[in-house]
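**Q** All chains, full assembly: derive it from the sequences and hints.
Residue numbers (the numbering used here), protein chains in the order written: chain Y, 5 to 182; chain Z, 2 to 301.
Keep in mind the hints are simulated off the structure, nothing from the lab.
All C-beta atoms in this analysis are idealised placements derived from N, C-alpha and C, irrespective of residue type, glycine included.
Among the clues, some could well be false.
[Said to hold, decoys possible] Quick look at which bits of chain Y chain Z covers, simulated, 3 or more residues with Cβ under 8 Å:
no. : segment
1   : 23-36
2   : 124-131
3   : 143-150
4   : 170-181
[Unchecked claim] FRET-style restraints, in silico, Cβ to Cβ:
no. : chain 1 : residue 1 : chain 2 : residue 2 : range
5   : Z       : D19       : Y       : D33       : 28 to 38 Å
6   : Z       : R51       : Y       : E180      : 17 to 27 Å
7   : Z       : T138      : Y       : R91       : 20 to 30 Å
8   : Z       : A20       : Y       : T162      : 24 to 34 Å
9   : Z       : T138      : Y       : L26       : 37 to 47 Å
10  : Y       : R150      : Z       : D19       : 17 to 27 Å
11  : Y       : G70       : Z       : R51       : 20 to 30 Å
[Said to hold, decoys possible] To give an idea of the chain Z side of the interface with chain Y (calculated C-beta under 8 Å), a few residues:
no. : residue
12  : L12
13  : R45
14  : E47
15  : L53
16  : T55
The lines below spell out each chain.
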Amino acid sequence: MPAHLPSSDLTLTEDARAKVALWAGDHWDGVFALLYRLTRNRHEAEDLTQETFLRAARQNDSFQPGTNLRAWLMRIAVNAHLDQRRRQHVARSEPLPDDVPATGAAPCERLAGAELAAALERAMGQLPELARAVFLLRTREELSFREIGEAIQTTEETARWHMLQARRRLLQELGEWI
Amino acid sequence: MDCAHIQEQLLCSDDLADAALPADVADHLQTCAACAGVLSRLRRLELEARELPTPDAGNSRDAFLESLAIEQSPARRWVIHPRLARPRAFAAAALILLAIGAAAWYLAAGGASRAQAADVTVDRLLEWNLDLAEADTPEQRARIYSSSAPALQVALNRNWMPADQKQLADKLMANGAWLSSNTDPLDGAERFDEVADLMLKQLQAATTAKQTKAAARIARQYQHVVNRGLGPQLKRAQSVPLDKPERKRRYERLMSRHAELERRMQQLLDRSPNATPKEMRKQLKADSNPERGLETEPSL
Numbered sequence: 005m006p007a008h009l010p011s012s013d014l015t016l017t018e019d020a021r022a023k024v025a026l027w028a029g030d031h032w033d034g035v036f037a038l039l040y041r042l043t044r045n046r047h048e049a050e051d052l053t054q055e056t057f058l059r060a061a062r063q064n065d066s067f068q069p070g071t072n073l074r075a076w077l078m079r080i081a082v083n084a085h086l087d088q089r090r091r092q093h094v095a096r097s098e099p100l101p102d103d104v105p106a107t108g109a110a111p112c113e114r115l116a117g118a119e120l121a122a123a124l125e126r127a128m129g130q131l132p133e134l135a136r137a138v139f140l141l142r143t144r145e146e147l148s149f150r151e152i153g154e155a156i157q158t159t160e161e162t163a164r165w166h167m168l169q170a171r172r173r174l175l176q177e178l179g180e181w182i
Numbered sequence: 002m003d004c005a006h007i008q009e010q011l012l013c014s015d016d017l018a019d020a021a022l023p024a025d026v027a028d029h030l031q032t033c034a035a036c037a038g039v040l041s042r043l044r045r046l047e048l049e050a051r052e053l054p055t056p057d058a059g060n061s062r063d064a065f066l067e068s069l070a071i072e073q074s075p076a077r078r079w080v081i082h083p084r085l086a087r088p089r090a091f092a093a094a095a096l097i098l099l100a101i102g103a104a105a106w107y108l109a110a111g112g113a114s115r116a117q118a119a120d121v122t123v124d125r126l127l128e129w130n131l132d133l134a135e136a137d138t139p140e141q142r143a144r145i146y147s148s149s150a151p152a153l154q155v156a157l158n159r160n161w162m163p164a165d166q167k168q169l170a171d172k173l174m175a176n177g178a179w180l181s182s183n184t185d186p187l188d189g190a191e192r193f194d195e196v197a198d199l200m201l202k203q204l205q206a207a208t209t210a211k212q213t214k215a216a217a218r219i220a221r222q223y224q225h226v227v228n229r230g231l232g233p234q235l236k237r238a239q240s241v242p243l244d245k246p247e248r249k250r251r252y253e254r255l256m257s258r259h260a261e262l263e264r265r266m267q268q269l270l271d272r273s274p275n276a277t278p279k280e281m282r283k284q285l286k287a288d289s290n291p292e293r294g295l296e297t298e299p300s301l
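**A** This is the structure in structure tokens:
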């Protein structure tokens, strides 16, 4: 499903518009990058990025100045993604390009960077939704486990557990690739 | 401490740098090649994950800022599809909006017209149809359909449109649903032909009324329909043997209508040389380009 439209009919205030314009200027690319990694679909990521900033505009009063704005936006982005997944009930089985080698295949001694990246993409795509979100938030966004826990509405310890699962499965899936 | 415990600690650690490792783990790693190997692989994994390339977000941010600007009331709130972002226009709009500040921005938003929202809805619907037609596999089509259909339907329901534009939008919505599960190029060409016909009628009305902006927009949309929808579908239909008389008749009828569309376009240009000359001439040039490979005789 796309950027679903807001269920609320409240009009955005001037203040909300101004804030979200600034936030979009600074964090649009980062939110898009995360959502692209989560969805593995550019169009879906674009729609969800819009949805994220719309939600941020609508919830702008709940952001506490002085706290981590990026983490707050990432939390909204992850929630938007998870909400969409719940609505879709979609099994994540999007094919990767044909030239991606199977992860079980014996790797060449010199792996092209692109091949390894593709294998990693595939392996990440096979992770459970939450494990993938945690791995990305920690690795690429460098959020703390406490912030990640808040983002996925769980505890810091559970976030760590998801990270453990993600790393373990990725190492298994990638085998001798890394 | 055994290897399993050490490796578990590594797998859920915050930071894999040497300095961040607990002393007991660091000590163990000094003497255990297996655990040191796991740490090394984890570091490589994270490095590779951080360096995975991400496509450019393109114009989606500008489109979003633009969508804020045209949002006027709760009844017409919606989101512009990023693929429709026109780079220069939206980039310029974004810069202006940021420069003049939120208050002026809001005032500007209040002045945006319902027609503008309707135009963008039609643009989105058209782009969606063309994306569907260009998708190679049923799976891709299904994904494109499901990723946009609900939002487009909501936008269609919420945005008021003039009757002719509404007719076109409804047709595009229905065609989108059809394209999501049908790939026969002859059927597809017939649907795009109907869309092109409606657009040409709108274009004629706009040029008659000397609505040059509207005419330019419709000419651009028409150009997309012919170049990305009707033309490729006809070409595909041509490559499939038309072994049944009924299909051959339909193909010939489509080719004849295609020629008729070109003739009407030429008439428009002759009659209104100053109305949207660039878009229309471009279209005519494309229509008459022999490299597009459309032949009057179908393969049998």
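**Q** Give a verdict on every hint.
**A** Now the hints, each set against the structure:
Only residues whose C-beta sits within less than 8 Å of a C-beta in chain Z count toward coverage, and the segment 23-36 of chain Y has 7 of them, enough to reach three; the restraint holds. Under a criterion of three residues with beta carbons nearer than 8 Å to beta carbons of chain Z, the stated coverage of the segment 124-131 of chain Y is upheld, 3 such residues being counted. Judged by the Cβ-Cβ criterion of 8 Å, the segment 143-150 of chain Y is covered by chain Z as claimed, because 4 of its residues qualify and three suffice. By the rule of at least three residues with a Cβ nearer than 8 Å to a Cβ of chain Z, the coverage given for the segment 170-181 of chain Y holds, with 5 such residues.
With their beta carbons about 32 Å apart, D19 (chain Z) and D33 (chain Y) fall inside the hinted range of 28 to 38 Å. At about 21 Å, the beta-carbon gap between R51 (chain Z) and E180 (chain Y) stays in the expected band of 17 to 27 Å. Range check, T138 (chain Z) to R91 (chain Y): about 23 Å between beta-carbon atoms, so the 20 to 30 Å window is met. Distance hint for A20 (chain Z) and T162 (chain Y): a CB-CB separation of about 27 Å, consistent with the stated range 24 to 34 Å.
One distance hint, 37 to 47 Å for the beta-carbon pair T138 (chain Z) and L26 (chain Y), holds here, with the actual separation near 41 Å. Checked against the given bound of 17 to 27 Å, the beta carbons of R150 (chain Y) and D19 (chain Z), roughly 24 Å apart, stay inside it. Here the CB-CB span from G70 (chain Y) to R51 (chain Z) is close to 27 Å, well matched to the stated 20 to 30 Å. A cut of 8 Å between beta carbons decides the hint on L12 (chain Z): the least distance to chain Y is about 4 Å, and the hint holds.
The interface hint given for R45 (chain Z) is met, as the beta carbon of that residue sits about 5 Å from the closest beta carbon of chain Y, less than 8 Å. Contact between E47 (chain Z) and chain Y, as hinted, is supported at the beta carbon level, the nearest pair being about 5 Å apart and thus within 8 Å. Here the hint on L53 (chain Z) is kept, as its CB sits about 6 Å from the closest CB of chain Y, short of 8 Å. A hinted interface residue such as T55 (chain Z) counts as satisfied when its beta carbon comes closer than 8 Å to some beta carbon of chain Y; here the least separation is about 4 Å, so the hint holds.
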